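Asker: Listed here are the chains, written in short residue letters.
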Amino acid sequence: MKQRAAVLGTGQTQHRSKRADVSIAGLCREAIDRALADACLTGDQIDAVVLGKAPDLFEGVMMPELYLADALGAVGKPLLRVHTAGSVGGATGLVAASLIQAGVHRRVLAVAFEKQSESNAMWALSISPPFSMPVLAGAGGYFAPHIRSYIRRSGAPAHIGAMVAAKDRRNGARNPCAHLRQADMTMEKVLASPMLWDPVRYDETCPSSDGACAVVIGDQAAAEASGQPVAWIRGTAMRTEPTMFSGKDHVNPRAGYDCAQALWAAAGISSPVDQIDAAEIYVPFSWFEPMWLENLGFAEPGGGWRLTESGDTEITGQIPVNPSGGVLSSNPIGASGLLRFAESAMQVTGKAGEHQVAGARTALGHAYGGGSQYFSMWVVGDTPD
Amino acid sequence: MSQPSGPQTALHAVLEISFDYTRSLGPTLGAFMTALADRRILGARASDGSVHAPPFEYDPVTAAPPEELVEVGPGGTVTSWSWLPAPQEGQPLDVPFGWALIKLDGADTAMLHAVDAGSAAAMRTGMRVRPRWSGRRGSGITDIECFEPGEPPASGTVSTAGTVSTADAATVAMLTMPITLSYEHTVSPGESSFLLALAEGRLIGQRCPACQKVYIPPRGACPVDGVPTQDEVQLPDTGIVTTFCVVNVPFHGQQVPVPYVAASVLLDGADIAFQHLILGCDPNEVKMGMRVKAVWKPREEWETSLRNIEYFEPAGGPDAPYESYAHHL
Amino acid sequence: MSDVAVIGFAQAPAERHSAATTNGVEMLVPIFHEVFAATGLTKDDIGFWCSGSSDYLAGRAFSFVSAVDAIGAFPPVMESHVEQDGAWALYEAWLKVLTGEAEIALAYGFGKASAGNLHRLLALQLDPYLLAPLWPDAVSVAALSARAGLDAGRWSEQDMAQVAARSWACARGNPRALPPVDAEASVEELLSRPYLAEPLREHDCAPVTDGAAVVILAAGDRARELCERPAWITGFEHRVDSAALGARDLSVCASAASAGQAAGARRAEVAELHAQFTHEEIIVRQALELGDDVVVNPSGGALTGNPMFAAGLARIGSAAAQIMSGRADVALGHAASGPALQQNLVCVMEGR
Chain F
10 MKQRAAVLGT GQTQHRSKRA DVSIAGLCRE AIDRALADAC LTGDQIDAVV LGKAPDLFEG
70 VMMPELYLAD ALGAVGKPLL RVHTAGSVGG ATGLVAASLI QAGVHRRVLA VAFEKQSESN
130 AMWALSISPP FSMPVLAGAG GYFAPHIRSY IRRSGAPAHI GAMVAAKDRR NGARNPCAHL
190 RQADMTMEKV LASPMLWDPV RYDETCPSSD GACAVVIGDQ AAAEASGQPV AWIRGTAMRT
250 EPTMFSGKDH VNPRAGYDCA QALWAAAGIS SPVDQIDAAE IYVPFSWFEP MWLENLGFAE
310 PGGGWRLTES GDTEITGQIP VNPSGGVLSS NPIGASGLLR FAESAMQVTG KAGEHQVAGA
370 RTALGHAYGG GSQYFSMWVV GDTPD
Chain R
4 MSQPSGPQTA LHAVLEISFD YTRSLGPTLG AFMTALADRR ILGARASDGS VHAPPFEYDP
64 VTAAPPEELV EVGPGGTVTS WSWLPAPQEG QPLDVPFGWA LIKLDGADTA MLHAVDAGSA
124 AAMRTGMRVR PRWSGRRGSG ITDIECFEPG EPPASGTVST AGTVSTADAA TVAMLTMPIT
184 LSYEHTVSPG ESSFLLALAE GRLIGQRCPA CQKVYIPPRG ACPVDGVPTQ DEVQLPDTGI
244 VTTFCVVNVP FHGQQVPVPY VAASVLLDGA DIAFQHLILG CDPNEVKMGM RVKAVWKPRE
304 EWETSLRNIE YFEPAGGPDA PYESYAHHL
Chain B
66 MSDVAVIGFA QAPAERHSAA TTNGVEMLVP IFHEVFAATG LTKDDIGFWC SGSSDYLAGR
126 AFSFVSAVDA IGAFPPVMES HVEQDGAWAL YEAWLKVLTG EAEIALAYGF GKASAGNLHR
186 LLALQLDPYL LAPLWPDAVS VAALSARAGL DAGRWSEQDM AQVAARSWAC ARGNPRALPP
246 VDAEASVEEL LSRPYLAEPL REHDCAPVTD GAAVVILAAG DRARELCERP AWITGFEHRV
306 DSAALGARDL SVCASAASAG QAAGARRAEV AELHAQFTHE EIIVRQALEL GDDVVVNPSG
366 GALTGNPMFA AGLARIGSAA AQIMSGRADV ALGHAASGPA LQQNLVCVME GR
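Going down the list, the sequences are from chains F, R and B. Numbered by my numbering, the letters in the first sequence go through residues 10 to 394 in order. Numbered by my numbering, the letters in the second sequence go through residues 4 to 332 in order. Numbered by my numbering, the letters in the third sequence go through residues 66 to 417 in order.
Treat the hints as calculated values from the structure; they're not laboratory data. If you're wondering where the values come from, they're calculated on a predicted model, not measured in any experiment. Hints may be right or wrong, so weigh each one.
One side of the interface only, derived from the structure: several residues of chain B facing chain R at Cβ under 8 Å [to be verified]:
id, residue
1, V94
2, T107
3, P193
4, R212
5, N239
6, R294
7, W297
8, G311
9, S390
Some chain B residues flagged as far from chain R (calculated, every beta-carbon gap over 10 Å) [unchecked claim]:
id, residue
10, F97
11, R125
12, A180
13, G181
14, Q227
In this text, a Cβ means the ideal position worked out from N, Cα and C, and glycines have one as well.
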């Protein structure tokens, strides 16, 4: 019933704090052209387009997929627009995969972008409606208290967040598209950076980036006709829970846990830490690496930080996390999730270049959004099963 | 302690959102806007040979960028129009005017702009119009204030400029687009009763009839059970900090000076924490599990807002044991 | 392709100015209750949820997030959201049923258009460089399309007024439509009234409306168990046109035509069309090649209640209701999005 689907090609922009050289359409097109070239396809071979991005208020364009229809090559075709908060890039990949898995289309283009320099995300995320108490200070202000809870609950040493940040920035230096490329970043430098939302330091937070990502997904026939390595989609999962409710576990949210369990079952994985060769996990604040390692089942609750501390999440470690540099090196919000998905595909097709994990055959792409409440994940591999 | 809530009137107030967006233009739009500043209008030649004015960034058929930009107009012909008797904020004219699709001379597609024709009776499909340039240069599409009936001056009627290379340096590369929108923000009946109680110095939560959890502020529906909460529960203005962060980063729109402590405050008797400020002590003294009490604004400043509590401050006494609030983290 | 059917539909009463919040919860809770009661389902039976709404309609980022409170989404649910009309959420839900990941899926849409200045706001859907800075309002943009058809001889202002009069007459049988302002007005009387944006008069424009809608899908035998006469989906297609208004012939609609052709629109006996202006009903009717014998908008259509981001989904639900109640054998629901009918979706359903 469910058709096989595979990533035929990926493309991403040069991520920067300001891509002042392009329009919104130009930003998207840069990623699309690279994805089509990577897949050795032309736009007329695409059956449908799925666009994802985070809040329309970030660019001040309502439903920008409408204005972008021509630039996306979508005129005369189906065009869907996904928005599931920060997980949207991942959800975009999953909707595009569904179009193939449902047997509706043969080749679908997923595109996700954010041009954060058009406005200011912190402003958009901190609009205080009437009657409310203006306490929140952007995403950092929202997540920092939950990071404090994680540290308290797990007993993790205070330097773990800095270790993650230094690793991801060094990995970013291996990625030609990354926004931040800091080959000489060290834990000490991170620890010396200003405290923004205590316990979160400046270098432990993601940058604000302009960027886009595009992924071409095809059916089995399209994959077999492609004549080059493809990333087979072995399993997908998505889960949602409310932002706030009595008993919500903000550190180890049930939605993320359930999503991961469903994902591993779908992909036939019984021991993620042994069977996943590379993981691209949505880590906008460094401490979320150990938190998500636990949530995803790579480690027992309270044990994620030990994987980080032992170096197992380094590009040469047992479970390399974010060899691309991750969200900590590039964060075009709406595209960040699709970048995780695309990078996982690049790993299993051997196309990751300088940040290739040696011998990667099975990889995870992960995204989350809202108040740790929207989760989207996939597992890709170099063979269909 | 518990009483059914009566019929409620939902509170509402104006919510205004305003931001000056910065738009980088890229090569094609940059060339178009730069030409406008030079009082010329460019179109783009499409893969089928037709000329699109304004230019497309990506060909509607091939999705490729235009290979050449060509000068069109300035005269044009109205292909469709409407008449707006009551102009709105931000539109090109503040007197009644026509919106029109205008096919500029030499172009195969039309551009949308305003026509200052005086009255609807002066408008018709097929009418000839010419641009009226605004006093500003480099403001983008509004460099054309509007179009007006009539032929362009003779010097402008002959389109001899030929092609303009897209490689020309774009001197207009960035535009600012101010967007201000006004909304009526309405709160739910449950939150209204919470806010009305706050105006009297009381803290009201609501108990979910299914799971019995006390929510403050009350929600439109219990997020776990999807049913409206009903029974009101009055709560004290004391509680504990479950977790918190110290905000050191200033940002656009910020309303509290840094540094400040943003905390999840769990009131005694509540089953969910809400966000509030902890002041009245050094930020370094704030701890998880610390007992806090509300510091209210002077009674004469009370309104229907949680702002009536200016902040929470340490209440003294032993901290709550971690196990007692761990399930709220 | 697997058999998937609409088995449930509910919509909130259309209101010109609802007291509800912009997060939709107060409008959604009662209709979830209604549709669950009618189908005998509970939230635990829903394998996939998908919603459609707009942050800009609500005036803040992530406005859809609170709407999941209406679900009671714990334990966590499989859920997604489109920044489009709920009709596209239904399309995503349909995909999930086709893949077998869900046996029963629920799509909802909600919008409180009265919270802001809707027609001004919609200028932000236009090209952000070339058009939005001029703030063309949605009624004026629609008027350019109406004029194009008048000039081309495709319809007359009389034809447009007849669409309005017929819609309000039909809405008398629909308790969820807006209460009419003047249901008895004749076509002649309507035509004597002033223009809002010539050539459009007030009766040509859908009223600003608040509301919500929900549709439930089920696969194969589950659908037969849950519903006496499921509305089986035989064609579900959508297309988008160029955003360049001046490069399109606004008196026709290519995307509706191609979606309709792919979905088998010509089979329909009854059609619920998401026409937000009178002339748009004529355009879509022509694009879908619906014959004169096809009953259009027996609910009154969007002209008598157009809750943004729910109205398209409500058209599909209303069309499905025609089948579920046995009044029709083949029905069509249509949704539109964007300026001048830029994006169109067609869902053809049949009773068996």
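Asker: Please go over all the hints and tell whether each is borne out by the structure.
Answerer: Results for each hint:
Satisfaction of the interface hint for V94 (chain B) is found here, the shortest Cβ-Cβ separation to chain R being roughly 5 Å, below the 8 Å cut-off. With a least beta-carbon distance of about 10 Å to chain R, the hint placing T107 (chain B) at the interface is violated under the 8 Å criterion. For P193 (chain B), the interface hint holds, the least distance from its beta-carbon to any beta-carbon of chain R being 6 Å, beneath 8 Å. Among the interface hints, the one on R212 (chain B) holds; its C-beta lies about 5 Å from the nearest C-beta in chain R, closer than the 8 Å criterion.
Interface hint at N239 (chain B): violated, since its Cβ lies 26 Å from the closest Cβ of chain R, which is beyond the 8 Å cut-off. Hint status for R294 (chain B) relative to chain R: violated, with the closest Cβ pair at about 28 Å, above 8 Å. Of the supplied interface hints, the one on W297 (chain B) is violated, with its beta-carbon coming no nearer than about 29 Å to a beta-carbon of chain R, more than 8 Å. Annotation: interface hint on G311 (chain B) holds; nearest CB of chain R at approximately 3 Å, less than 8 Å.
Annotation: S390 (chain B) was flagged as interfacial toward chain R, and the flag is violated, the nearest CB pair being 28 Å apart, outside 8 Å. Interface exclusion of F97 (chain B) from chain R breaks down, the closest Cβ pair being 7 Å apart, not more than 10 Å. Taking the minimum C-beta to C-beta distance to chain R, about 7 Å, the non-interface status of R125 (chain B) is violated against the 10 Å cut. Some Cβ of chain R comes within 10 Å of the Cβ of A180 (chain B); the nearest lies about 5 Å off, and the non-interface call is violated.
Its beta-carbon lying about 5 Å from the closest one in chain R, G181 (chain B) breaks the requirement of being farther than 10 Å from that chain. No beta-carbon of chain R comes within 10 Å of the beta-carbon of Q227 (chain B); the shortest separation is about 21 Å.
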